[in-house]
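With the hints as your guide, set chain B onto chain A.
In order, the protein sequences belong to chains A and B.
Quick note on my numbering: the first sequence kicks off at 1 and runs consecutively.
Quick note on my numbering: the second sequence kicks off at 1 and runs consecutively.
Heads up, a few of these hints could be off.
Pairs involving identical chains hold if they fit within one copy or between any two copies, as the list cannot separate such chains.
SDA-like, lysine to any residue: derived pairs with alpha carbons at most 20 Å apart [unchecked claim]:
#	residue 1	residue 2
1	K393	D70
2	K393	A71
3	K393	D72
4	K412	A42
5	K404	E296
6	K404	A319
7	K209	A14
8	K412	L320
9	K313	T252
10	K168	L155
11	K313	R408
12	K393	Y225
13	K209	S417
Since the hints were made in silico from the structure, they are not lab data.
There are 2 protein chains.
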Amino acid sequence: MKHVKIKGSVAPLAGVLSGASRERLGKSGIGEMISLIERYEAISFGAGEPSPDLFPREEIAEAIANALGDADVWGYYHDDYGDEGLRDWIASRMKADGIAPEWVDAGNILLTNGGGEAMSLVTAAFVDPGSVVLVESPTYTESLLAFRAAGAFCLPVPSDGSGIIPEKLAGIVSSVPARFLYTIPNYQNPSGRTMPRERRVEVLEILCKAGIGLVEDDPYHYLGYDGDPPESFLALADDDVRVIHCSSFSKTIAPGLRVGWAVIPPYLSDIFGALRVSSGLGRPLAIQRGILRYLESIDFGDRISFLRTEYRKRRDEMALMCGSYLSPLGIRTNLPDGGFFVWGEVSPSYMNNFSSSRFARWAVEEERVGIIPGTAFYPSGGGENAFRMSYAKIRAGDIGDGVKRLARAFEKYRNLSE
Amino acid sequence: MKHVKIKGSVAPLAGVLSGASRERLGKSGIGEMISLIERYEAISFGAGEPSPDLFPREEIAEAIANALGDADVWGYYHDDYGDEGLRDWIASRMKADGIAPEWVDAGNILLTNGGGEAMSLVTAAFVDPGSVVLVESPTYTESLLAFRAAGAFCLPVPSDGSGIIPEKLAGIVSSVPARFLYTIPNYQNPSGRTMPRERRVEVLEILCKAGIGLVEDDPYHYLGYDGDPPESFLALADDDVRVIHCSSFSKTIAPGLRVGWAVIPPYLSDIFGALRVSSGLGRPLAIQRGILRYLESIDFGDRISFLRTEYRKRRDEMALMCGSYLSPLGIRTNLPDGGFFVWGEVSPSYMNNFSSSRFARWAVEEERVGIIPGTAFYPSGGGENAFRMSYAKIRAGDIGDGVKRLARAFEKYRNLSE
Numbered sequence: 001m002k003h004v005k006i007k008g009s010v011a012p013l014a015g016v017l018s019g020a021s022r023e024r025l026g027k028s029g030i031g032e033m034i035s036l037i038e039r040y041e042a043i044s045f046g047a048g049e050p051s052p053d054l055f056p057r058e059e060i061a062e063a064i065a066n067a068l069g070d071a072d073v074w075g076y077y078h079d080d081y082g083d084e085g086l087r088d089w090i091a092s093r094m095k096a097d098g099i100a101p102e103w104v105d106a107g108n109i110l111l112t113n114g115g116g117e118a119m120s121l122v123t124a125a126f127v128d129p130g131s132v133v134l135v136e137s138p139t140y141t142e143s144l145l146a147f148r149a150a151g152a153f154c155l156p157v158p159s160d161g162s163g164i165i166p167e168k169l170a171g172i173v174s175s176v177p178a179r180f181l182y183t184i185p186n187y188q189n190p191s192g193r194t195m196p197r198e199r200r201v202e203v204l205e206i207l208c209k210a211g212i213g214l215v216e217d218d219p220y221h222y223l224g225y226d227g228d229p230p231e232s233f234l235a236l237a238d239d240d241v242r243v244i245h246c247s248s249f250s251k252t253i254a255p256g257l258r259v260g261w262a263v264i265p266p267y268l269s270d271i272f273g274a275l276r277v278s279s280g281l282g283r284p285l286a287i288q289r290g291i292l293r294y295l296e297s298i299d300f301g302d303r304i305s306f307l308r309t310e311y312r313k314r315r316d317e318m319a320l321m322c323g324s325y326l327s328p329l330g331i332r333t334n335l336p337d338g339g340f341f342v343w344g345e346v347s348p349s350y351m352n353n354f355s356s357s358r359f360a361r362w363a364v365e366e367e368r369v370g371i372i373p374g375t376a377f378y379p380s381g382g383g384e385n386a387f388r389m390s391y392a393k394i395r396a397g398d399i400g401d402g403v404k405r406l407a408r409a410f411e412k413y414r415n416l417s418e
Numbered sequence: 001m002k003h004v005k006i007k008g009s010v011a012p013l014a015g016v017l018s019g020a021s022r023e024r025l026g027k028s029g030i031g032e033m034i035s036l037i038e039r040y041e042a043i044s045f046g047a048g049e050p051s052p053d054l055f056p057r058e059e060i061a062e063a064i065a066n067a068l069g070d071a072d073v074w075g076y077y078h079d080d081y082g083d084e085g086l087r088d089w090i091a092s093r094m095k096a097d098g099i100a101p102e103w104v105d106a107g108n109i110l111l112t113n114g115g116g117e118a119m120s121l122v123t124a125a126f127v128d129p130g131s132v133v134l135v136e137s138p139t140y141t142e143s144l145l146a147f148r149a150a151g152a153f154c155l156p157v158p159s160d161g162s163g164i165i166p167e168k169l170a171g172i173v174s175s176v177p178a179r180f181l182y183t184i185p186n187y188q189n190p191s192g193r194t195m196p197r198e199r200r201v202e203v204l205e206i207l208c209k210a211g212i213g214l215v216e217d218d219p220y221h222y223l224g225y226d227g228d229p230p231e232s233f234l235a236l237a238d239d240d241v242r243v244i245h246c247s248s249f250s251k252t253i254a255p256g257l258r259v260g261w262a263v264i265p266p267y268l269s270d271i272f273g274a275l276r277v278s279s280g281l282g283r284p285l286a287i288q289r290g291i292l293r294y295l296e297s298i299d300f301g302d303r304i305s306f307l308r309t310e311y312r313k314r315r316d317e318m319a320l321m322c323g324s325y326l327s328p329l330g331i332r333t334n335l336p337d338g339g340f341f342v343w344g345e346v347s348p349s350y351m352n353n354f355s356s357s358r359f360a361r362w363a364v365e366e367e368r369v370g371i372i373p374g375t376a377f378y379p380s381g382g383g384e385n386a387f388r389m390s391y392a393k394i395r396a397g398d399i400g401d402g403v404k405r406l407a408r409a410f411e412k413y414r415n416l417s418e
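Next comes chain A alone, as it looks inside the complex (with noise of 0.2 Å):
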């Protein structure tokens, strides 16, 4: 007998698949898009990904080729946690910017593969089926399925233009036992936005009263275009242990790297430790090494400088587009203090059935330019009339173009539509 022949269904593990795993199906509205607009060779303000021609590809590579001669980073390293030189540079350095508070040090640093890692650990830590994590609205998609896909709920807390509105949160945990309130307070995906740090304060205040903890995700922290972002909630937390702040060097290195950390209060030290464990170990060394050496050889100021010189020409430039084009139209966008997004809404009175989904869809089929629908980025409906822009990977040269083609999707779409 060369194979066994009984044969079971076609499909003989479909039937016991977690609840984890059927509620992650539903697809990414991003991953979509992002799929749409490379099928259409569209112009793409769609994925929010660092601009290639800025990745330190050469120091990098050297870097790294240079840690690969250390004999420890073959082998089982003996912290799950990480290499602990890039750990302590890093504490070093949120404390230097006042990020962190001085508890901080290479032993609350987590290393992740990229910062999504983090909140995939984040979401083993605290989410069993049926709790209830609260969320702005709009919010980060994959942060949304990741939170989803253990059996959350995430509860929108009504948001504006400077996020979360405390009076709200307010009346929602006093109802409302939460795991925890998972916000990006700088430059936000999607929106833009920036929480000022008064309102920082008050969020803080509320939850400590409801005994709530806060997952500050701040991958965006540094490419701030018009000076630094408010003091951190870990910062202003200081010794109130209730933030796990996130962050990457996706967006101030290189995304491919995958490195990103999380920063790890005493007491869940051991808990984070077995689950890292459980997902498979530390993340390669060398890599972790690499950019170790590669930060020690820069002055990071100057990097950040560089970083903010020139993303905010492509956000400039975005802005002015956006008020010559799509304003005239109706289209309401923000100017962001920083990151890579801009948030464009459809004045009801100007159009009052859009739909962002559709409009997506047509703005890359007629147009060949891809935006990202508001519906995705929204946990229980909302954003039919905006969509998310990134001005990121685009040269500001070429962002023009990519704005007039949209002007004239809406311009078409209008018309169809009315």
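Just chain B, lined up with the frame of chain A:
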């Protein structure tokens, strides 16, 4: 106000830990022993790790440096399953070696952060709180912990020197609805046992009839010292697609690179893709492509022959020493056909109140030699008379010293206990 002054609990998030993280807090018996072994600077049969002197460091370092010259390793890769070239190499090689059936190609290979992450994804895909997972007895501790963290009940299937006993399996599956059977069929961790082909066929037939899947964890596949192992479950099942096969380059290349894989049948492809996105997108492409370049530059068969020759020497030396020093003391050891592990069992007629966990501590403290107590490998009791020894990381010439120390420790321990 510098900081928020309202203080909540000293451990605000401790009250909202998930079931998974609370479950996972139980430390791995292996981890604790390894720490003890390191503290005493003992000769270690503890860690089941490959030998650093066998890592192809220069060749891989050059290959990764080379891969870093590719533009696409720096950004987000279009396929979250990982580098297509490496996945193609793996699929082709598995087919050429008879490990994978014809339907397996690059599209079915999901690259992971070592074999451990493959198990983490399998867990996420199929385990809900309360799910039953069938396991060998003994089996690999970290897999048990990963299944349990997701809320699985790990039900041990009685096993003998040839692995799972088919009659026992048939009895269990007739009364218990299980999500899958987890097995390490070749040179098992911890027992060193290999399941013969006939038994694999029987096991597969029982699972087919019962409609249950199988997770085949096969990291030691290429390390057979007396020839190739029997046909894999994946190959035996052929187009009855109930097997998820997992493996890694940790043993054949180097564990610090953190590259493993799982073979995912087509009907589960989207689900694992979604789980991969949730857990932080793809793993670092530069490493994956570096491994590919390395593999393309060598004769993999020669590499395997070299490893087999080196590890065989250690296995042979271990067997010789165990026969000379442990056997006379009533400690029975097996002669594994491959892999890294020897399983020691103390015959009750020599010592009937032997405690492997107490003895393992004693051996480190008294004679500075490290083993892992058998109790670490049983899902629900067992292993008190057994322990695991790995010879992989010790040069052949140094194995004797360790075994002699162990024999002395055992004699002292027995004298004291009697």
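Results for each hint:
1. K393 / D70: between (35 Å within a copy, 19 Å between copies)
2. K393 / A71: between (37 Å within a copy, 15 Å between copies)
3. K393 / D72: between (36 Å within a copy, 14 Å between copies)
4. K412 / A42: Cα proximity of K412 and A42: one copy only (17 Å, versus 76 Å across).
5. K404 / E296: Classified as neither; 43 Å inside a copy, 47 Å across copies.
6. K404 / A319: Cα proximity of K404 and A319: one copy only (13 Å, versus 76 Å across).
7. K209 / A14: The answer is between: 16 Å across copies meets 20 Å, while 45 Å in one copy does not.
8. K412 / L320: This pair counts as neither: shortest intra-copy Cα distance 22 Å, inter-copy 83 Å.
9. K313 / T252: within (16 Å within a copy, 49 Å between copies)
10. K168 / L155: For K168 and L155, the Cα distance is within 20 Å only inside one copy (12 Å; across copies 48 Å).
11. K313 / R408: Classified as neither; 24 Å inside a copy, 73 Å across copies.
12. K393 / Y225: within (16 Å within a copy, 52 Å between copies)
13. K209 / S417: neither (49 Å within a copy, 57 Å between copies)
The structure does not agree with the numbered hints 5, 8, 11 and 13 stated previously, though it agrees with the rest.
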